[in-house]
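Asker: What follows is the residue order along each chain.
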Amino acid sequence: MMWELFQLIMLYSLIFGSIYLLISLGFSLICGVLRIFHLGYGLHFLLTVYLTWMFMKELQLGLIPSITLMVITQLLIAIAMYLGIFRKFVEEEEKLMTLSLLVFLIFENLFNYLYPITAGVNIPVTIMKGVINIGAATISSQMVVAALVGLATTCLLTIFFLRTRTGLIMRAISQNLVASMLMGVNINIVYCLAIILSVIPTIICMLMISPFWGIEPSMGTPLLSIAIVISILGGLGNLKGSIIASFLIGAVHSLVSFTLNPRFMMLAGLLLAIIILTFKSEGLCGAERLW
Amino acid sequence: MVKLLRHGLKEAITKIQGAILVVIIIAAVVGVITYYTLPPPEVREIKIGFIGNLASPYSLSAKAAAQLAVEEINEAGGILGKRVTLIIEDSKGEKPKLVEVYKKLVMMDRVLAVIVAESVEMGVAAIQTGAELYPEYPHIFICTIGSGDAIWHHVRDNYEKYKFAFQTYYFTSSGYLTVLAKTLLPHIFKGIMNATKVAEIYEDMAWTIPLREGISGVSPPKKQVYEEQGLTVVFQAVVSVDQKMFTTLFEQIAASGAEVIDCAIGYIDEVAFIKQWAESPARNIPLYIWGGIAGMPAAWNATEGKVLGVCVGSSLVRAPITQKTIPFMDNLVQKYGVGPIFGSHTTYDSIYGLKKAIEMAGSASDVEAIISAMEKVREVAVLGTIGWDPRYHYNLPYPHYITPTIQWQKGGEMVVIWPENVAMGKYIPPALLRG
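Top line first, the protein sequences correspond to chains A and B. So that you can map any letter, position 57 of the first sequence is 56 in numbering that gives the first Met the number 0, and since no number is skipped, the others follow by simple counting. So that you can map any letter, position 395 of the second sequence is 394 in numbering that gives the first Met the number 0, and since no number is skipped, the others follow by simple counting.
Note that these hints are calculated values from the structure, not bench results. One or more of the hints may lead you astray.
Footprint (simulated), chain B over chain A, 3 or more residues, beta carbon under 8 Å [as the list claims (entries may be wrong)]:
hint, stretch
1, 52-63
2, 110-123
3, 128-138
4, 247-257
This one's a predicted model, so the numbers in the text were calculated from it and none came from an experiment. Every residue gets a Cβ at the ideal spot worked out from N, C-alpha and C, and that includes glycine.
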């Protein structure tokens, strides 16, 4: 019995942690490189689902063309937000945060008007149906796939930042912007690239979790909340910290679910975050550097 | 001579003043007596006010139902030969706005009745506003969405002050305990699903508190009610409204040996809940949901068909409870482009109940007589018979008002499995449905 409980807790810690990682990666990236607390980040989760649905329903496109068009549209919106809001108000953080949040809310309300919950929005992106028995647990196959994809995406991003020249440049910018500029780095291009990179994990995330997540116009806010808690706990903008924080929060959620009450999962995660931040105010791995 | 004339004139003026004063006093007395004894002037049209949060699908569907009822009534000649006018106001889901438009409807538009198609919390704000206005502006108030007992508790605790208020919903909280949990669900679980071990799930909302804790003097908690009916509660949990992950819950339910999962939910993320149930170790344990999107046609697409096998109390299925049911559903879609969802049946039936009461009272302006008539109304409705408890003013529950239980079966079909007299098919265990 105890051994079965232990298996369940460990397994779901990994599953939850990997999914939370996918949710928070893009947010950490923007915080780390652009030093922006992007309150409009939840928008990209919404856009992934609702743009795909819209292209399938209104333009009668197939799934793959709809996803392709959605990706292109998302990237264009992300670049437009960078040029129209982030670059313009980078020195005025309050305006930047307010405007990015406003854009998020506008889209949320627009989708609520066009496709309320009673519209039955769904995107058929299940990769593996059914369940898998792993030890004492019986887990949705799609959930396992989502967790593995989350880990793979994290690995790829980590390799990118540690092993590529562009990744190195981004890390340099996150450590010292002025020095990077003096070294001849074109900040605007790198920032644009960072914005594009930050959107990709959110797209992958929604495509992976849609088969078991509730799709509704207000779903961006809870996803943003998860991203914020993990990023702050890990160290604002620190990818390494986000990785550790994701699995820590996943473990707490799993432990509380099985030993206390699933209802207290979120509260337990928040309490853990505040306790750690009380002793380590910069987060687990320190803020204001990407790695 | 002049002095005599002046004196005479003064006397005459004093007498005239006195006569005028007497006439004024008599007129005032007659006016007061007339005001309180003569019947109020007959109205030329009957105005009904409707308040809802017009950004929410529930209120929108209820609004369409109200418009349909009024349109049909006018086409049939109105009420007592008078045309009915519906005045619609938007509360935007905010209590201050609701109070504002309620007052406008009663004081300025002089409506006979106000229908509030919002949650019970908003209904409480409305009833308190209505109570302030009632002495000077007699009117009727009907709350048509929300199962909480708060509305009729006001009437119970102070009839004289709140007698103008009525509550219409599929079940009130006490009705859930004394009718649904005591009779209907044990019959469905034991008699239809062949299940005696129950896993109870509650959402953390005010309406489930009476189910979890019981109602003093009315009923013990639902768990005890079930056990008195021969069911065994093997697992119990409360889920948060903002919860998104339920897989660990289903692991525990599967381990508990439950034979049915009884979910008193309606506001949680049901789509995520159902999707995760369908691919969990509890996927072959029948899921019974009390309300929410699981009972709406949109649930099939929203869950990508994973709602297959789920049973839910739903009035949104084309089951001919009475001869009014199907025409109501069809007309709502055809004329107003909205499907019937929670609150639409109760709004439609309430207006027809009000119509019947006005006809029984023989007057569209004598509110006291109309209230008295509403306490006696028994009128054919979309979901059975509409009528209100004469003392507490909640609508009469089952067997008068019926919410069918449906099961989602292959192809996204919502098949009525209860009540037996309108059943469209038989219950099929989820494992068999999935093949």
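Asker: All hints, please: hold or fail.
Answerer: These are the hints, each one checked on the structure:
Restraint check on the stretch 52-63 of chain A versus chain B: 0 residues with Cβ-Cβ distances below 8 Å, three needed, restraint violated. With 9 residues having a beta carbon nearer than 8 Å to a beta carbon of chain B, the stretch 110-123 of chain A meets the requirement of three or more and the stated coverage holds. With a threshold of 8 Å between beta carbons, the proposed coverage of the stretch 128-138 of chain A by chain B holds, since 6 of its residues qualify and at least three are required. Remark: the stretch 247-257 of chain A is confirmed as covered by chain B, as 4 of its residues place a Cβ nearer than 8 Å to a Cβ of that chain, reaching the required three.
When each numbered hint is compared with the structure, a violation occurs for hint 1 only.
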